[in-house]
Every structure is written in C-alpha cells, then in structure tokens.
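If you're matching them up, the sequences are chains P and X in order.
Read in numbering that gives the first Met the number 0, the first sequence has 192 at position 193, and its numbers run on one by one without any break.
Read in numbering that gives the first Met the number 0, the second sequence has 19 at position 20, and its numbers run on one by one without any break.
Hints may contain errors.
Below 30 Å or equal to it, Euclidean Cα-Cα: the simulated BS3-like pairs (lysine-lysine) are [claimed, not checked]:
| hint | chain 1 | residue 1 | chain 2 | residue 2 |
| --- | --- | --- | --- | --- |
| 1 | X | K275 | P | K134 |
| 2 | P | K117 | P | K58 |
| 3 | X | K96 | P | K134 |
| 4 | X | K96 | P | K58 |
| 5 | P | K62 | X | K96 |
| 6 | P | K18 | X | K19 |
| 7 | P | K275 | P | K255 |
| 8 | P | K62 | X | K272 |
| 9 | P | K18 | X | K272 |
| 10 | P | K128 | X | K19 |
| 11 | P | K58 | X | K272 |
| 12 | X | K272 | P | K77 |
| 13 | P | K18 | X | K96 |
| 14 | X | K19 | P | K212 |
| 15 | P | K246 | P | K293 |
| 16 | X | K275 | P | K3 |
| 17 | P | K77 | X | K275 |
| 18 | X | K19 | P | K58 |
| 19 | P | K3 | X | K96 |
| 20 | X | K96 | P | K77 |
If you're looking for bench data, these hints aren't it; they were derived computationally from the structure.
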Amino acid sequence: MAGKIIEVENLEHSFGDFKAVDDITFSVEEGEIFSFLGPNGAGKSTTINVLTTQLSCQKGSAKVCGFDVRTRPHDVKKSIGIVFQDEVLDRDLTVRETLEFHGRIYSMPRDQRIAREKELIELVELGEKWNERTKNLSGGMKRRLEIARGLMTRPRVLFLDEPTIGLDPQTRLRIWDYIKGINEEGTTIFLTTHYMDEADRLSDRIEIIDRGKIIASGTAESLKNTLGEDMMYLETKDDDKAMEAAKKVAEVSQVKRVSSGLELILSADGAKVMPKVVRSIEKDGIGILSVRMKKPSLDDVFVHYTGREIRDGPAEPLSHMKRRH
Amino acid sequence: MAREFLTVYWREMIRFVRFKGQLFAALVQPALWLLLFGVAMSSNFTGGSIVFPTIPGVVDVDYLTFMAAGVMAMTALFTCLFGGMGLLFDKNWGIMKEMLASPMRSYHIQFGVGLGGVTKSLIQVGLIMGFGLLLGVEFFPGFSGFETVGAVLGILAFVVIFSAGFIFLSAGLAMRVESMESVQAMMTLLTMPLMFSSNALYSTSSFPAWLQAISAVNPLTYFVNGIRYFALGGDFTALGTHYEYTGGDILLSFAYLAVFTGLTSVFAWVSFKRAKVT
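With the sequences and hints as input, model every part of the structure.
And the structure:
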C-alpha cells in the first residue's frame with residue numbers, strides 16, 4: 000500500500016544568519032528508496048536532523064509516518080531508525096551489547112529483542128563478531144552494525160545519512176546490497192549522499208539539493224533525460240566558429256564552452272547526430288581534433304543546474320568535522 | 000513501567016568493570032590516601048610533640064580514625080565530580096546521539112548515570128571503610144552489633160544522597176559544555192575549595208570567619224558530619240576539639256544535602272532536556 004510516509008512543506012532552517020534549508024517541499028512514498036543528493040553543506044543533514052527530531056522545526060511543516068515532528072516527536076522517534084553520518088558506537092561494548100542496548104532503550108520486549116538481534120546479525124554477516132568489542136571492527140563492519148542497529152525496532156523508515164562515506168569501493172557495494180535487501184523487505188529508505196553513483200544505483204527517486212534549495216527531482220533516468228539523449232565533447236582548432244556551426248544542427252539543444260573545448264547536449268540519439276555535427280563544422284573549414292560522446296550522468300545534471308561540480312561544493316561547517324577524531 | 004534508566008545504568012557498570020586499569024586506580028587510590036596521608040599525619044600528631052586535651056568520659060578519637068571519615072567523603076566527591084566526564088565523551092565520540100534520538104526520555108540518561116555514580120561511590124566508600132578497619136581505624140567504638148548495622152546503613156544513606164547531588168552536578172555541566180578541557184578545569188577548580196574548606200581533614204572551629212562561612216555552605220562538611228556521627232557517635236574529641244552532634248543536627252545535615260541534590264537534579268534535568276547533539 001503506497002502512501003506518503005514523509006511529507007515536508009516549505010521547510011526552513013537557519014543557523015544564525017545562515018539558511019541551511021531554504022523553503023523546501025517534497026514527499027516520500029512508503030516503500031521507496033528516496034535520495035537526497037547534494038554537495039557537502041547543501042542542507043541534507045539539516046533536513047534529516049529536522050525529520051528525525053534532532054533539530055527543531057523552525058518554519059514550515061514536516062510529517063513522518065503521519066506524525067508532525069513539532070507536536071509528536073516522541074511518536075516520530077518510535078517509528079523510525081537512524082544511521083548517523085558519524086560513527087555513533089560505544090567502542091567498548093561488544094556487537095551483541097550494542098544491539099541489546101539499543102533494543103532496551105527502545106523498550107523492546109526481551110524475547111522479541113533477542114530474536115531480532117540474532118536475525119539482524121545474520122543479515123549483516125557479523126555473526127562471528129558477536130562478542131567482539133566494536134573498536135576492533137573494520138570501518139565497513141561498524142557501518143553494518145549501525146545499520147543492523149537502526150533496524151532493531153523494525154522501523155517503517157530508515158534514515159541513512161551518508162551511509163558509505165569513507166568506505167572502500169568493495170565495502171560500498173556490499174552496503175548497497177544490504178540497503179536494497181532491507182528495502183525489498185518493505186522498509187522505506189531515506190538516504191542522503193553526495194555520491195552520484197550511490198544515488199543513481201540505489202534510488203527510486205532523487206531530489207537534488209544545493210545551498211538549501213531543491214533544484215531538481217525525479218527518477219535517476221528522468222533527471223538524466225532532462226539533459227537529452229547524449230552528450231558530446233569536441234576539440235577543434237577554432238571553438239568559436241565551431242560553436243556557431245554546431246548550433247545549426249537541429250538536434251543540438253545546447254552548446255557550452257568547457258575547459259577542454261565544447262560540450263554539446265543532444266536531443267536525439269548521438270550515434271546519428273554526431274556525423275551531422277562533424278559535417279556541419281567541417282563544412283565551415285574548421286579542423287576537428289577530437290570527438291567524444293557519453294550518456295549524461297547525475298553529475299552532469301548537477302553541473303547543468305548549478306554550474307558547479309558536486310565535489311566543488313562548499314566544505315562542511317567546522318562543527319560537523321570535529322567528531323572525526 | 001519505564002525502566003530504560005536501568006539500561007543506561009547497565010552500560011555504565013559494564014564500562015566501570017571493563018576498564019581494568021581505571022577500575023584498579025579507582026579502588027586503590029583512596030586506599031593509598033588513607034595509608035600514606037593518614038598514617039603520615041597521624042604519626043605526626045600522636046608522636047608526642049603536641050598533646051591535645053581530652054575530656055574525661057568522652058571518647059577521644061585518634062587522627063587516622065578522624066580522617067578516615069574525611070577520606071571516605073572525599074573519595075565519593077571525586078568519583079562523582081568526575082563521573083560526568085563520560086557523558087562528554089559520549090557526546091563527542093560515543094552514543095549520546097543514539098540515546099537522544101531514541102524515544103527514551105532524557106531523564107532516563109540522568110538517572111541511569113546517577114545510579115552508576117552512586118554505585119561506584121558506595122563500592123569505594125565500602126572498600127575504604129574495610130581497609131581502614133584493617134589499618135586500625137577505630138570506627139563504631141563500643142557499639143553493639145545492632146548499632147553497628149544501623150550506623151553502616153546511616154553512612155550509606157549519606158553516601159547515596161551526597162553522591163547523587165554531585166553526579167547530577169557534573170552530568171548537568173557535561174551536557175552543557177563542549178570541550179573536555181573546560182569541564183576538567185571546572186572540576187579541578189571546584190575540588191580544592193570543597194576539600195579544604197570542609198572538615199574532612201581537620202576541625203573548622205578555629206577557621207577565620209570568612210572561611211567558616213564557606214565551610215558552612217559546603218555540602219562536603221555536612222556529609223562528613225553524617226559519616227562521623229554514625230561512625231563515631233554524637234560525642235567525641237579529636238585533635239583537642241570536642242564534637243557534639245545530636246540526632247537533630249544530623250537530620251538537618253541530611254536535609255541540607257537533600258536540598259542540594261534536589262537543586263542539582265533539577266539543573267541536570269534541564270540540561271538533559273535541552274541537550275542536542277547534531
């Protein structure tokens with residue numbers, strides 16, 4: 000049964016003069032994997048913190064599982080699971096104790112708690128580490144333990160704040176598998192990330208956020224399609240003239256200068272448009288040095304809307320960094 | 000019934016016994032105080048160079064016995080004043096976020112940690128008392144078995160109320176400040192005046208008026224009064240000072256500590272309620 004599990008309307012949140020979240024509206028359907036994609040400092044964590052009642056809701060409204068975060072924070076807390084961006088583990092508790100502690104502070108009945116501990120430890124494949132203290136786990140294991148912990152209470156929504164930050168590529172793949180598996184069992188996933196590939200691979204729907212505002216939304220496919228079918232890169236002997244020549248081709252919807260030459264956005268299949276572009280340029284007597292083509296990525300979408308690459312985004316405020324030991 | 004504070008307490012105690020070095024230090028340090036400072040000072044006083052007047056018919060207490068009560072009180076003070084430091088650690092590198100994000104009300108953290116501090120104090124005070132008796136501390140002079148049990152229970156009641164007061168104070172402070180250094184500095188700054196303006200190690204009767212005024216509001220003074228009353232009785236002399244406590248005095252001392260603990264628990268309650276870790 001699909002329905003809206005998260006509803007956010009005109010949400011705003013400021014830290015002093017700095018508007019971290021600036022009038023955003025969106026909703027999440029029950030059962031989907033929803034991603035908030037944006038550079039560091041875009042307002043992703045602030046939004047998650049408001050939705051999980053860690054920060055107060057200053058302006059606008061937000062409902063999670065039908066409960067208003069302002070008036071029913073206790074009910075919101077009971078119905079969600081959270082995996083924090085930083086490592087939030089007691090280094091001196093064992094894997095089992097970590098799960099036990101969580102289940103107990105959420106007032107789970109004992110039998111249910113023990114059953115869930117065993118089930119989840121298998122899911123994230125930490126059975127062998129059952130009695131190991133968390134400080135002896137690798138980064139990926141810690142993350143898996145935190146995900147298992149977030150699932151202890153069978154939350155309807157699991158919030159994952161940058162779940163694979165700082166992990167190696169192989170570990171990231173495994174974490175993605177777990178996230179997909181959990182979602183298939185019915186848990187709605189709210190994910191924030193600044194990794195394009197992560198959002199692309201996992202999400203049913205994506206909102207791209209930058210400087211506190213939502214700048215684009217849709218499925219990964221639809222977002223990429225807003226940029227047309229293909230992208231083409233050209234190096235020529237005279238980019239100015241080549242630009243004029245390329246614009247004459249009907250299927251070229253946009254031409255832009257980039258550091259290495261020209262970037263063309265094509266509205267039709269590139270394999271067919273490319274010869275036309277090449278012909279048009281050569282007809283004007285301009286030498287072509289190289290031609291390259293690719294499918295648009297989410298990165299291109301981000302650049303398209305912001306004029307910046309995602310990794311050029313502003314650094315996180317210092318206060319968020321101090322916990323990284 | 001909400002029992003989440005017991006979970007917080009459970010974790011506090013796991014950590015207490017898991018750090019072997021810290022546990023060892025926590026148990027041995029007070030014993031060393033008693034052994035070194037106590038024996039050194041009392042040999043100074045009883046060596047014969049100073050003769051303190053005694054009153055016929057009133058129990059005269061030797062210095063080791065006198066200061067043992069003080070060492071018990073100071074140990075509880077240190078344990079609890081620094082007991083909130085763990086919270087600061089949890090805030091920066093631990094699971095405070097998890098606890099605050101959970102549906103558990105924040106006062107459960109306060110009471111779980113408080114119960115942990117009180118337990119640690121009780122264990123330490125109990126050990127010093129036992130160790131002191133081995134060293135020759137003459138507690139419970141002329142008490143019957145029944146009176147001794149009552150006296151021990153009285154001492155424990157004082158340990159509980161005093162320890163709760165200071166663990167709430169330090170927990171409340173830890174939830175409000177950001178850096179480890181600033182709490183540590185604050186605690187160190189508090190420790191000295193609390194210790195030296197109290198009657199833990201000497202009599203306050205010959206203090207100048209201003210110092211006596213400080214001593215009179217110092218919770219440690221009332222705690223030590225309580226321990227001495229139960230351990231030594233209501234009428235004794237030590238280092239030439241005559242101590243007389245009535246049951247009423249001790250009830251007032253207890254009431255004073257209860258008020259102090261009430262205030263610090265409200266302070267901690269507000270601190271926890273307002274705490275946000277993001």
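Hints and how they fare:
In summary, the hint linking X/K275 to P/K134 is supported, as the alpha carbons are separated by about 25 Å, within the 30 Å threshold. Taking the CA atoms of P/K117 and P/K58, the gap is near 42 Å; set against the 30 Å cutoff, the hint is violated. For the hint linking X/K96 to P/K134, the alpha-carbon distance of about 18 Å falls within 30 Å, and the restraint holds. Distance check on the hinted pair: X/K96 and P/K58 sit about 24 Å apart at the alpha-carbon level, within 30 Å; holds.
Proposed proximity of P/K62 and X/K96 is supported: the alpha carbons are some 21 Å apart, at most 30 Å. In summary, the hint linking P/K18 to X/K19 is not supported, as the alpha carbons are separated by about 48 Å, beyond the 30 Å threshold. Of the supplied pair hints, the one linking P/K275 and P/K255 holds, its CA atoms being roughly 18 Å apart against a limit of 30 Å. For the suggested pair P/K62 and X/K272, the alpha carbons sit about 22 Å apart, so the restraint of at most 30 Å is met.
Distance restraint check for P/K18 and X/K272: the Cα-Cα separation of roughly 25 Å lies within the 30 Å cut-off, and the hinted pair is therefore satisfied. In summary, the hint linking P/K128 to X/K19 is supported, as the alpha carbons are separated by about 22 Å, within the 30 Å threshold. Restraint check: the Cα-Cα separation between P/K58 and X/K272 comes to about 22 Å, which is no more than 30 Å; the hinted pair holds. Only pairs whose Cα atoms come within 30 Å are accepted, and X/K272 paired with P/K77 is accepted, the gap being roughly 18 Å.
Proximity of P/K18 to X/K96 is assessed by CA-CA distance (about 23 Å); at most 30 Å being required, the pair is judged to hold. The suggested pairing of X/K19 with P/K212 is violated, with an alpha-carbon distance near 51 Å, which exceeds 30 Å. Simply put, P/K246 and P/K293 have alpha-carbon atoms about 19 Å apart, close enough for the 30 Å limit, and the pair holds. For the hint linking X/K275 to P/K3, the alpha-carbon distance of about 28 Å falls within 30 Å, and the restraint holds.
Of the pairs offered as hints, the one joining P/K77 and X/K275 holds, with about 18 Å between alpha carbons and a cut-off of 30 Å not exceeded. At most 30 Å may separate the alpha-carbon atoms for a hinted pair to count; X/K19 and P/K58 exceed this at roughly 50 Å. About 27 Å separates the Cα atoms of P/K3 and X/K96, which keeps this hinted pair within 30 Å; it holds. This hinted pair checks out: X/K96 and P/K77 have alpha carbons roughly 15 Å apart, not beyond 30 Å.
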